[in-house]
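A.B. asks: If you want the building blocks of each chain, they are given just below.
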Amino acid sequence: MTTTTDIAEGQPDAQLTAKDFKGPVDPDWCAGCGDFGVLNSLQRACAELGLKPHELLIISGIGCSSNLPGYFNANGMHTLHGRALAVATGAKLGNHELNVIVTVGDGDGYGIGGNHFVHTARRNVDLTYVVMNNQVYGLTTGQVSPTSSLGMKTKSTPFGSVEMPVNPITSAIMNGATFVARGFSGDIRHLTDLIKKGVQHKGFALIDVFSPCVTFNLDNTNPFFKERVKKLEDEDHDTSDWKASCEKAMIWGDTIYTGIFIQREAPSLGQREPVLDEGGPLGQRPLGISQEQAEKIIQRMM
Amino acid sequence: MSSRKFDFALAIGGEAGQGIATPGDILARVFVRRGLHLYTYNAYQSIIRGGHIFLTIRVSDQEVYSHGDKLDLLMCLNQDTADRHVGLMGPGSRVIFNSDSIKIDGAKEGVFLCPMPVSDLTNNSRNRLFQNTVAVGAIMALLSLEFEILEESLTLRFQRRGQAVVDENVAVARAGFDYANANFEPFPGTTPAGSKPLAVWAGNDALAMGGAAAGVKFYSAYPMSPSTGVLHWMAANARSLGIMVRQVEDEIGVANMAIGAAHTGCRAMCATSGGGFALMTEAIGSAGMMEIPVVFINVQRAGPSTGVPTKSEQGDLWQVLGASQGDFERLIVAPKDSLDAFNTMPELFNLVDKCQCPGIVISDLLISEGRFSVDPDDINMHPKIDRGDLITEPSSTDGYKRYKITETGISPRALPGLEGYVHVVATDEHDEDSILISDEFTNPHKRRKMVEKRARKFQHVTKDVPPPELEGPQDAEVTLIGWGSTYGVIKEAIEQLKLKGVTANHLPIKWIVPLQGEVVTDILSGSKKRIMVENNYSGQFYRYLRSETGLSVDGHIRKYDGEPFMPHHITDGVLEVLAGKTDIYVPYQEVVV
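Just so you know, the sequences run in chain order A and B.
Note that my numbering has the first sequence beginning at 1, numbered continuously upward.
Note that my numbering has the second sequence beginning at 1001, numbered continuously upward.
The following block holds chain A by itself, in its conformation from the complex (with noise of 0.2 Å):
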């Protein structure tokens, strides 16, 4: 089977561009979803990236956000409603030389899929998560999310969330990912930035990106982030700084930062795991067992 690395070095110079990732069918989002920008930013970031369709494994659970990978020209799985990351770990770990990158929403992300997140965290596996993050639940109509804020009313929180939300970031960091940012959907320039450097850095990269719900979600709007957005960028952050980091992600006023909190080199899961180093994509090897392993398997039984 020929590999991802085989192609690209045999059509040095067959650059794809953002609409060369269109996908067979448009998106069913409503006008003025926080998804398209997102979408957008992920299509460039491929293209600016040289990848291939053929070379990306697009993975999402369910929800509005998770229909992405059918909007999207790449290889796709359109998995369970909060298991995205499971998945994503057994396929690059089934094929490490795929660039997998898995998009879902906040309920799916941080609610239903949330024990996946610790552990695909600290597990450091090589791949982009990007959370379509708008505090609410819209597939269902909207519902409060883990990501809603104290107080936030929504159909089943009718007097107001009593519950604080999760912190995608702070969590992420304490965790031990090894990537953290934040993006914002109404800024693609910024986020398809971010996407390259998550699809580039090796192991496991979160982008929780502000992806405002305009129909069920009034209160964390578009404009309310343009007014308060602010790249880390832009000041003089210490990515290998936790501390500093954690106490910028908890920022939530009249300044909300974006950008990369924490930024580490550190071995992925499949780098530590020896039976990865030779022999190519584990999908891909023969099957079956030699002669001389047999007969030891057997030895030692008797």
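Since no wrong hints were added, every one of them can be taken at face value.
Taking CB as the label site, the calculated pair distances span: (1) A:D20 <-> B:E1429: 23 to 33 Å; (2) B:A1193 <-> A:Q291: 26 to 36 Å; (3) B:E1429 <-> A:D236: 45 to 55 Å; (4) B:Q1325 <-> A:A31: 27 to 37 Å; (5) A:P24 <-> B:D1377: 50 to 60 Å; (6) B:T1442 <-> A:G114: 29 to 39 Å; (7) A:D236 <-> B:T1397: 49 to 59 Å; (8) A:K226 <-> B:R1387: 47 to 57 Å; (9) A:R285 <-> B:V1502: 52 to 62 Å; (10) A:D28 <-> B:V1308: 43 to 53 Å; (11) B:D1433 <-> A:P223: 32 to 42 Å; (12) B:Q1325 <-> A:V25: 17 to 27 Å; (13) A:T140 <-> B:E1429: 11 to 21 Å; (14) B:T1442 <-> A:D20: 21 to 31 Å.
The set of hints was computed from the structure by calculation and includes no laboratory data.
Quick caveat, the model's predicted, so the values are computed rather than measured.
Positions of the beta carbon are idealized from the N, C-alpha and C atoms, including for glycine.
Please build the complex by placing chain B on the supplied structure of chain A, with the hints as guidance.
C.D. replies: Chain B in isolation, oriented as in the chain A frame:
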């Protein structure tokens, strides 16, 4: 059994932490190296220290199919074991115990007591494990076996810990051996030897090895009794065999990770017990919908809920049949013993690759945690591998349809990464080209076509699995029907029934889906009486069989106390049912293990 020249069962009882596994393992190796067949069943508790553990090892010159009905030798490691079991030992049996700490009360007449002054024999050693080694030495003497065989086994067992440890253990075993020779009467006759050395494995080893032989490249699991042995085997062999083995945060992650790996081309599997399997069920449906081949193993234990974690039952059949929402096909197979479990794995992997679907193996504690002898020549480590309709060459043209509608329902499968075959797989209903039906508009005609396409894959799968076969005389007075792990014990009960003048035959069923209903109906229409044997309360398999074939039976033998059937339980049940005394016989478990 009448044809057996040698049929000997010993049991070791004590508490967790007293090291029962070690003498069990040493003796098992002594027997298989001598070419004898063995079957072990360990009755234990969910406890790391204390409690009561009772390991039964049955040995014979012929193949052994169950742990049997009687004990010839009891090795008591504590007072509790003596109190529970001595009264059940029959005339001619031997009871070995440490006379420094254990008092025997209530032994029947004719039982030979073999008190061992362990402190004297071990120079007052404080190593509490030495009482086990002394007893193993004594067992060798009682069986008139040469000490050198034990010396060899002890050396193999302890050599990693240095010559001093080997010497110490050999000396202590020798003291036990000599003491028993000088003071106790050995069992009459000699212990035979087989024609060649055999090997020993647990059912979980067999499942893991079968997977490895079938080419498993990805194994994920969350520890859960009684399935954890598969994880241990896989983890120990992962690096030498090039298998990616992951312990995952929960069984939801386990199943989904296996599916991710399977999608990239790995043969992938995972094992668990009923509780973990419950967490996997949504993922099983997703493998059905995305058409990804992957194998799930459910090693049953007594439920519901946490249930009795260390006890055996066949209570998860309906869980497995109904795993995941929606109307879709999965393959289900229940191996009959450890060798069958091994052989089932490549067979099932070939089928799930062919049908691009989930496959489920139902095992249980009895098969998975039991240790059995196996003829090494019967283990085919190089089985036939058939990956089904898999595209491997890149293409310069686009237009690949992952879910192409075909006559057989099977759509040629390409793996992600192959140029010219970019595609999406989806858990939402989708069209041939993976576009979600809800994305376009919810189209009833497309939905119907896709449901029928997936179902068509299984129309002819019945041809791909061996049909169930009747064992024993066609014109027998009664047919015993069983599934999975009851195979061996039913086989032995039939031998007992023969001695009591009742001829019985046996219909073991291994493939649950596809169930070859017509074959089963054909076979059972010729039966004079039918009795269904299963290790659960409600007759799960019987209800399934009836729903698939309309067949009924004349009686049931069921057991749900946590302990597996012993042969006489079934023999007694058949006699009672045939005598018209009951139509549902539930045996009483005499030995409080």
